[in-house]
Amino acid sequence: MLFAAGASPFHRANPLTKLMLLPPVAAAALVWPPPVLFALAGAMIVAACVTTIGPVVVRRLLFVLGPATLGIFALHGLLIARGEPAAVGPLSVYPDGVDHAARVVARLALLVVCGLLIVVTTRPADLAKALDQAGLPPAFSFLLSAPLLLIDGIAEEARTRRDVLQVRGLGADGGIRARLRIVWFAVGSVAQVLLTDAGSRALALDARGFRSHSRRAVLEPPVDTRGQRKLRLGLLALTGLQILTLVP
Amino acid sequence: MSLQTSASETKLFATRTLILVAGCVALNMALGQTVSILKLPVFLDSIGTMLAGVVCGPLVGLLTGLLTNLLWGLISSPTAAAFAPVAATIGLVAGLLARAGFFRQPWGAAIAGGLIAVALAFVAVPIRIYLFGGVSGSGADFLTAYLLKIGQSLFGSVIVTVISTNLIDKVVTALIVWGIVKGLPGRLAGDFPFLARTKG
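Residue numbers (numbering that gives the first Met the number 0), protein chains in the order written: chain A, 0 to 247; chain B, 0 to 199.
No wet-lab data here; the hints were simulated from the structure. Treat the hints with caution; some may be incorrect.
Below, a list of computed lysine to aspartate or glutamate pairs in the DMTMM-like style, where the Cα atoms sit at most 25 Å apart [as the list claims (entries may be wrong)]:
no. : chain 1 : residue 1 : chain 2 : residue 2
1   : A       : Lys229    : A       : Glu219
2   : B       : Lys38     : B       : Asp168
3   : B       : Lys181    : A       : Glu219
4   : B       : Lys148    : B       : Asp190
5   : A       : Lys229    : A       : Asp151
6   : B       : Lys38     : A       : Asp162
7   : B       : Lys181    : A       : Asp196
8   : B       : Lys38     : A       : Glu156
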């Protein structure tokens with residue numbers, strides 16, 4: 000997981016407030032030109048660096064954007080004919096293509112930085128609590144938290160079965176067919192157990208009153224202030240205003 | 000509290016369905032490491048999505064795919080969330096093809112895998128072109144570049160790349176799902192009535 004513990008304002012903000020950053024940022028990506036988008040992304044990176052999550056955000060951003068940026072500029076600046084090319088050394092570069100590539104990279108950078116700010120400062124369990132606190136049915140928080148609790152167990156089970164199969168002679172050095180057979184037996188058995196156990200697990204959950212009420216109380220709810228609720232409404236309004244600028 | 004079957008048990012998203020969805024999402028996310036160690040030319044990161052669609056129907060498959068990528072985006076890679084509609088399409092189409100009986104025989108499952116690869120391409124390509132300019136940051140971009148160089152349009156190049164890189168994976172995944180479902184006990188159709196469309 001990318002989550003990095005800390006006590007920054009981002010960490011302390013309610014998960015729903017952080018999620019509400021996405022709509023205005025997505026709208027900004029549609030509306031504003033690349034220099035504004037780069038400036039917004041830069042401001043978010045500076046805000047991250049002022050808190051403790053800067054290194055994580057920057058590292059992940061470079062990892063995601065690095066290869067993609069090279070590919071985007073190569074594709075649009077060199078390979079796709081857009082307008083008149085300009086000679087840059089031995090290469091023919093399309094200036095319109097470079098402009099288009101800059102717009103794509105700016106949009107991507109802004110969305111990725113915003114996403115990272117949310118992901119690095121939000122535990123999925125806290126998001127699940129915030130959804131319960133907001134009055135959503137318990138199924139929502141269950142679907143958010145249950146898979147994360149199951150992942151390690153399933154991965155371990157699949158690894159164990161794979162190793163047992165290899166010990167019993169189903170080697171991974173026998174070519175693709177042999178390796179696919181290992182996957183077939185290891186994965187297949189894990190999946191079948193998941194399916195056959197679902198009914199009894201459902202009975203156990205229902206016996207504990209899982210969906211007996213349409214909403215459930217949260218013992219340690221994330222902090223949600225009146226200011227944050229107003230901020231969320233403000234962010235929604237900002238989204239709408241930006242989208243309205245697109246209307247001719 | 001009444002122990003009689005509650006209304007939740009007969010709904011589309013009954014408790015056992017939610018548990019299956021959670022398990023299938025976890026399956027999608029957990030298998031990556033198992034598969035990568037075996038150095039297979041496939042991802043197998045949508046086994047759970049297809050399985051959910053075949054066992055519980057297209058809407059459950061759609062939910063499983065959507066949730067997988069949204070959770071991936073939440074815990075490790077924000078860009079994965081952008082492709083949530085693609086994963087949702089895999090589950091939706093798998094469910095629709097299961098309803099039509101494609102997963103009753105292995106050859107039908109293989110065809111279903113191919114059709115799923117084509118269907119997801121039509122959803123993935125606009126996302127990839129708009130958000131990523133047509134590139135993925137992986138070796139598949141060389142194929143896109145080659146196709147552009149020989150005169151194909153950006154849309155045509157990216158769609159051929161996406162289908163080529165997903166075809167084998169989705170066919171293999173569909174065959175594994177067929178094998179899993181074939182090995183399930185028939186009584187499971189009592190818990191998941193949609194399964195009867197495949198098991199007969």
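Point to revise | Structure versus earlier hints - violations, ascending order | key: 3, 4, 5
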